[in-house]
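> Quick note, the sequences are listed as chains A and B, same order. In terms of numbering that gives the first Met the number 0, the first sequence is numbered consecutively and its last residue is 265. In terms of numbering that gives the first Met the number 0, the second sequence is numbered consecutively and its last residue is 218.
You may find that some hints are simply not true.
[Unchecked claim] The list that follows gives simulated cross-link-like pairs (lysine to any residue, SDA-like), each with its CA atoms no further than 20 Å apart: (1) B/15 with B/41; (2) B/15 with A/166; (3) B/15 with A/255; (4) B/15 with A/265; (5) B/112 with A/12; (6) A/44 with A/173; (7) B/112 with A/5; (8) B/6 with B/27; (9) B/112 with A/4; (10) B/112 with B/123.
[Unchecked claim] Here chain A is said to cover these stretches of chain B; the calculated rule only asks that three of the stretch's residues, wherever they fall, bring their Cβ under 8 Å from a Cβ of chain A: (11) 37-44; (12) 54-64; (13) 82-90.
If you are wondering where the hints come from, they were derived from the structure by calculation, not from laboratory data. Where is the CB? At the ideal position from N, CA and C, for every residue including glycine.
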Amino acid sequence: MRLWLDAMWGIMRRDAILFISYRTQFVSQVLGPLFSLVVFYYISKLLTSNTLQSPGGYFGYVVIGLAIVQILTISLGVMPMTIRQELVSGTIERFLVSAHGPVNGIFGTMLFPLVNALFSGTLLLVFAAVIFGLPLAATAVLAIPVALLGTFAFMPFALILVSMVIAFKQVSSASQFIVTAVAIVGGLYFPIALLPGWIEWAAEVQPFTPATDLLRHLLVDTPLEHSAALDLGKLVAFTVVLFPVAIACLRTSIRYGQRTGTIAEY
Amino acid sequence: MSQPLLKIDDLYHRWKGPRPPILDGVDLSLGEGEVTWVGGRNGAGKTTLLRLAAGILLPQRGSVHIGELSSHARGTYQRKIGFLSAGDRGLQARMRVRQQLDYWARLAYVDRKLRPQIVELNLERFGLVEFADRRVDRMSMGQRQRIRLALAFLHEPEVILLDEPRNSLDDEGYALLAAQSERAAARGATILWCSPRGEDRVIECDASYSLEEGKLVPV
C-alpha cells in the first residue's frame, strides 16, 4: 500500500511539474474563468426571471454552472488529451512495464487534473464572491465534501473516455460532446424545467443534475428540486455503479490493445 | 546451460492485415547471468519479441515465463523486468533527469528508504551526475539514451530487455552500458539484447540468434 501511494504521489508530482513548467497555462487558467464571469455578470443584468428562485439572481445561478463546466472541461477534456499525449510520447509504455501497472498509472494520471479542476472551480467562486459581490450562503463550506463526491461520480465518465482513447486513439470530439450535453441536460446554464418534456428524462439519468442542484443549494441557497438525501443518494449510487463499469472498460481496452498489439500504436 | 530464468515457448504473434505472422513458434530459454543477442533485418519481429517478453503485449499463442511466473501475472512479473524500448520515446520531456529517475523508481516500487540512494547510484553509473538537474528536452539524444538505460537497470531487475540499446551512444556511453550489462549479468540477471546489426561481435554473448521469417535461428 505504501509503495502504491508513493507511486500515485509520484504521478501527481510529475503532472504538477509538467503543468508548472508551462507558465502561461496557469495564467490562462486563472484569466479564462474571470472573463466568463465578466460576460455572465453583464448578461445577468439583462435578465429577470421568477423561474430561478436564486437569491443571487441569474448570476448566482449560472456561476455554479460555470464552476461545474470548468471542472468538467478539465476532467473530461484534459484527461483523454493527456492519455493521448502519453500514447504519442511513449510514456504510457512506462506504466505497462512498471510494477504499478497501466490501470493504476492511468488512475494516477487523473488525480492532478481533478485537483486542478477543483482548484479552478473554487477560484471561480472566489472571484464571483470577491470581485462581483456574489452572496455565498452560510452552508458554502458543506459544498466541499459534495464537490468531492460529485467529482468521484464524474470520474467514471473520464475513465470511459480514456478507455476509448486507448481503443480508438482519438476522442476529443466525444469529450466536447459530453461536456456540451451535460451543460444542457444538467441544468448548468438554465433550469431543466425550460427543456422540452421529451428530453427532461435525460436530467435524471446522470450524476451532474443532482450534483449541480446540491451545490447550488449549498453555495447560493437556491431551493432544492428534490430532497438533499435523494440527491446525495443518487450521487453515491452513480459512483458505486459507474466506477466498476468504467474500470472494467479500461481493463478491457488495455487487454484488447495488448492482445492485438494496438496498445503500442498512436 | 543453467536453470532457465526467462523461458519463451511457442510464441506466436500476427499483426492485423493480410500478412504472415511476425513470430511463429519462437522458443527461447535464457539462464541466470546470460547475455543473449537477437538480430535480424528491419521488421523481422525483434521489437515484438521484446514487447511480448516485457508483458507490454500479450501472446496470441504460446507463453513467456520468468521462473514460474507467467507474463500474465501483472505487477509481480513487471517487478522482475527492466525494459528499454527502441527509439527515443518514453521520457517526460520537461522533467529534470533526477526527477525522471525518482519518478520511475516510484513506479517500479523501489523501497522508499532506498530510493534516493538508488537514484544517485544510477545517475553515477550512467554518467548523468553533471546533467542531473537539467531538463530532458534540453539534452542530446545520446544523453537521453543514457537516461533511458538508467531506467531499465535502476530497480535491479532479474531480466533486462534491451531494444537497440546502442542508439545515439558515444564511446563513453557504450562503455558505461557494457559495464552495467556485465555487472547485471554478474549478479545473475539475464539480458536479452536486440539490434539489427552484429553486436554479438562487440559484446560478450552466451548465445546469438537471428529472427528470420518468424523463427529464431542460431547464429
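> Take the hints in turn and mark each one as holding or not.
Going through the hints against the structure:
1. For the hint linking residue 15 of chain B to residue 41 of chain B, the alpha-carbon distance of about 18 Å falls within 20 Å, and the restraint holds.
2. Only pairs whose Cα atoms come within 20 Å are accepted, and residue 15 of chain B paired with residue 166 of chain A is accepted, the gap being roughly 15 Å.
3. Taking the CA atoms of residue 15 of chain B and residue 255 of chain A, the gap is near 13 Å; set against the 20 Å cutoff, the hint holds.
4. About 15 Å separates the Cα atoms of residue 15 of chain B and residue 265 of chain A, which keeps this hinted pair within 20 Å; it holds.
5. With a C-alpha separation of about 18 Å, the suggested pairing of residue 112 of chain B with residue 12 of chain A holds against the 20 Å cut-off.
6. In summary, the hint linking residue 44 of chain A to residue 173 of chain A is not supported, as the alpha carbons are separated by about 34 Å, beyond the 20 Å threshold.
7. Between the alpha carbons of residue 112 of chain B and residue 5 of chain A the distance comes to roughly 11 Å, so the proposed pair stays at or under 20 Å and holds.
8. For the suggested pair residue 6 of chain B and residue 27 of chain B, the alpha carbons sit about 6 Å apart, so the restraint of at most 20 Å is met.
9. A distance of roughly 14 Å separates the Cα atoms of residue 112 of chain B and residue 4 of chain A; the hinted pair therefore holds under the 20 Å criterion.
10. Taking the CA atoms of residue 112 of chain B and residue 123 of chain B, the gap is about 19 Å. The hint holds against a cut of 20 Å.
11. Coverage of a stretch by a chain is defined here by at least three residues with a beta carbon nearer than 8 Å to that chain's beta carbons; for the region 37-44 of chain B and chain A the count is 0, and the condition is violated.
12. Judged by the Cβ-Cβ criterion of 8 Å, the region 54-64 of chain B is covered by chain A as claimed, because 5 of its residues qualify and three suffice.
13. With 6 residues carrying a beta carbon less than 8 Å from a beta carbon of chain A, the region 82-90 of chain B meets the three-residue requirement, and the given coverage holds.
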